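Enquirer: The chain contents come next:
Protein chains: 2
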Amino acid sequence: MSNATISDVAKKVGVSESTVSRYLSGFKVRNSESIRKAIKDLNYRPNIMARNLKSGKTGMVAVIVPDITNPFFAAVVRGAEVAAGDEYMLQLISTGDDPVREEAAIRRLNGRVDGLIYVPAKEDSDAITELEDYAFPVVFVDRVISNLSSFDSVLADNQTGATLATKHLIDHGHSAIAHIAGPSASTPGKGRTEGYFAALKKAKIEKNHDYHVESDFTVLGGYQAMMSLLALKKRPTAVFVGNNLMTIGALKALRESKVNVPNEMAVIGFDDHELSDLVNPPLTVISRDAHLQGALAMSTLLERIRDGYQFPPKQLKVDSNLVIRHSCGSTCLYRKTDTGKRILSSSTSS
Amino acid sequence: MSNATISDVAKKVGVSESTVSRYLSGFKVRNSESIRKAIKDLNYRPNIMARNLKSGKTGMVAVIVPDITNPFFAAVVRGAEVAAGDEYMLQLISTGDDPVREEAAIRRLNGRVDGLIYVPAKEDSDAITELEDYAFPVVFVDRVISNLSSFDSVLADNQTGATLATKHLIDHGHSAIAHIAGPSASTPGKGRTEGYFAALKKAKIEKNHDYHVESDFTVLGGYQAMMSLLALKKRPTAVFVGNNLMTIGALKALRESKVNVPNEMAVIGFDDHELSDLVNPPLTVISRDAHLQGALAMSTLLERIRDGYQFPPKQLKVDSNLVIRHSCGSTCLYRKTDTGKRILSSSTSS
DNA sequence: AAGTTATCTGCAATCGTTTTTAGCAATTTG
DNA sequence: CAAATTGCTAAAAACGATTGCAGATAACTT
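Heads up: the sequence lines are chains A and B, in that order. Counting with numbering that gives the first Met the number 0, you get residues 0 to 349 for the letters of the first sequence. Counting with numbering that gives the first Met the number 0, you get residues 0 to 349 for the letters of the second sequence.
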């Protein structure tokens, strides 16, 4: 039950604590055999707290996400965990989009972890600026703080993805194309909106400000945004929705309003899902590898923990792909992949 | 940057370390004002490792789930986190259904956490029996180890839920009802199969062993199981699928085989999802409150951490509800709820 | 066999707290 | 006014490991 200490082992064998400690760290020791036995007999496990106190390391990495229930963030976490191997364990903080909880969590992190992978809920939190004072390295995922360029980040190629999405709608003959956007204060919200406008501009379609509605990345937000779009005197014929949750909300609004997809309204979402294939109609989306984003974040973080900031901060980006199903109407413009999904690859990683 | 220690604060104020420590623990202290100031000036934060070493507590609770990417487990984790408040932080381990990783993780937990919320991937792991030797309390969620009754658990009412599901199919006039089951060695797999057979028996429908196919709770497993069901000379007309992932797989198989749901095959799943509403056709499912399961698990765990095992182990169960949509065909037998879902509540919690 | 070097060992200090102990000053009491 | 009580305080001993240092064995030299 209550754990034996290193001194119990030492006593039992008749050597000093330091000898046992050395044995544990892999040094050559005379009575290694009897030490091994004593450790087993006493069921001795080193006290991690004591070890950490001495070493100043914790063997822990924190991951902060707005909501673990969002499959995208879940995949990021999973990717991070896989990349951590068994060198580091994960401390998960899912803040429920609550900046207050988030700040409090960050403050409690100091001294508990060796590093942080951080997907901020809001990008102007006070606690974030404190991050620079903390002793551990931070890697931002998906969202960055504009005035904090001293940290590494792993983003998606939002612009290219959004352009791809919008262009896909244009290629289907649409010109009344709406965009349900995330908060313009957020990296992905801003980037995707930029991509949307860029595609419109390139196709010489003039901006209709009614068609650009800013929402909040939630199901309810997407629902309301879609409703407001449907209430317009001149309805759009197509919509690019800025994330997975809002797409669900938008789809609910469309079904509730008995608007046919894709005939009356073409829909393209951002972020894929196992079920996107099975919804009615199967959803065309921009997808990117969330698992990879998490894994990249973890590996750059581990690098920082190991080597510090002798190299300048990295800004990594992962590809966005267009996954064509049926929610924009059918086309056969694109190549088929072996998975049965028609994919148009987009941007290159840097 | 590098953190100030309590002795730095003490020196600056001109008192002893113990006085600062007492101040921090809320005792009355003469120079409290100047201590407060010194702490702020030096940006002093107590070293958690040292504090933990002394107290023997870690302020951490581990949560082990087979796969954080499964929305059910994500909801459990979220529920647990909310219930933890800011008293405890969460250490997440998502083992990817790999028992080896799981065992390794459990072993590394000792000394790092004050308690464990555990959804085992396999229910016969070696490491699990070691759990009894460990110093921290454990609460099992969703699955229990049969020969380990000394721990608390929070389960779903699998039997009642499965009976409800099967009865729903029977009520629609089906008698050739298949069941794609989870591993019979697992608590939910076993329980749901029992409920399925119980409902058949009550309706005096004789068992057809071809209709009971045991799978593995994965998308692929569900797909293959459905395929084998479709290959039968006498196809079933309805199927009760034992979890969310297998339901996705089964649905894919059905779509690929161009089998119409619900006309040629009625489908009912276990565990609801935000998108269940939007798939084609909207999915009728048994649902239970995963968030609640996580929260209950956390609160019983915190109780154990506080009070130890002076009270006997609790076995908690949460309700299963029938959420009727369209994948079994339409009925109006059931009451409508204000959320627009028609719900038939089932079992009582204990 | 003696001298030199290479290994291994125990002692003691250290990491940054908390907590027990004993002591001192101020206040209250008989 | 002495004695008892109260209210803080500082010093020191934990908590359980790791590590530099110096001494003790052991293993090579010649």
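It is worth saying that the hints were derived from the structure and are not from the lab. From a predicted model like this one, the values you see are computed outputs, not experimental measurements. Don't take every hint at face value.
All copies of an identical chain are treated as equivalent in the list; a pair is satisfied when it fits inside any one copy or across any two copies.
Straight-line C-alpha distance at most 27 Å; calculated DSSO-like pairs for lysine-lysine [to be verified]:
no.: 1; residue 1: K39; residue 2: K53
no.: 2; residue 1: K56; residue 2: K232
no.: 3; residue 1: K201; residue 2: K316
no.: 4; residue 1: K11; residue 2: K201
no.: 5; residue 1: K206; residue 2: K233
no.: 6; residue 1: K56; residue 2: K189
no.: 7; residue 1: K121; residue 2: K166
no.: 8; residue 1: K257; residue 2: K203
no.: 9; residue 1: K53; residue 2: K10
no.: 10; residue 1: K233; residue 2: K189
no.: 11; residue 1: K313; residue 2: K166
Enquirer: For each hint, tell me whether it holds in the structure or not.
Expert: Verification of the hints:
| no. | hint | result |
| --- | --- | --- |
| 1 | K39 <-> K53 | both (24 Å within a copy, 25 Å between copies) |
| 2 | K56 <-> K232 | neither (61 Å within a copy, 63 Å between copies) |
| 3 | K201 <-> K316 | within (23 Å within a copy, 58 Å between copies) |
| 4 | K11 <-> K201 | neither (79 Å within a copy, 64 Å between copies) |
| 5 | K206 <-> K233 | within (14 Å within a copy, 59 Å between copies) |
| 6 | K56 <-> K189 | neither (37 Å within a copy, 44 Å between copies) |
| 7 | K121 <-> K166 | neither (29 Å within a copy, 47 Å between copies) |
| 8 | K257 <-> K203 | neither (31 Å within a copy, 42 Å between copies) |
| 9 | K53 <-> K10 | both (22 Å within a copy, 22 Å between copies) |
| 10 | K233 <-> K189 | within (25 Å within a copy, 56 Å between copies) |
| 11 | K313 <-> K166 | neither (30 Å within a copy, 58 Å between copies) |
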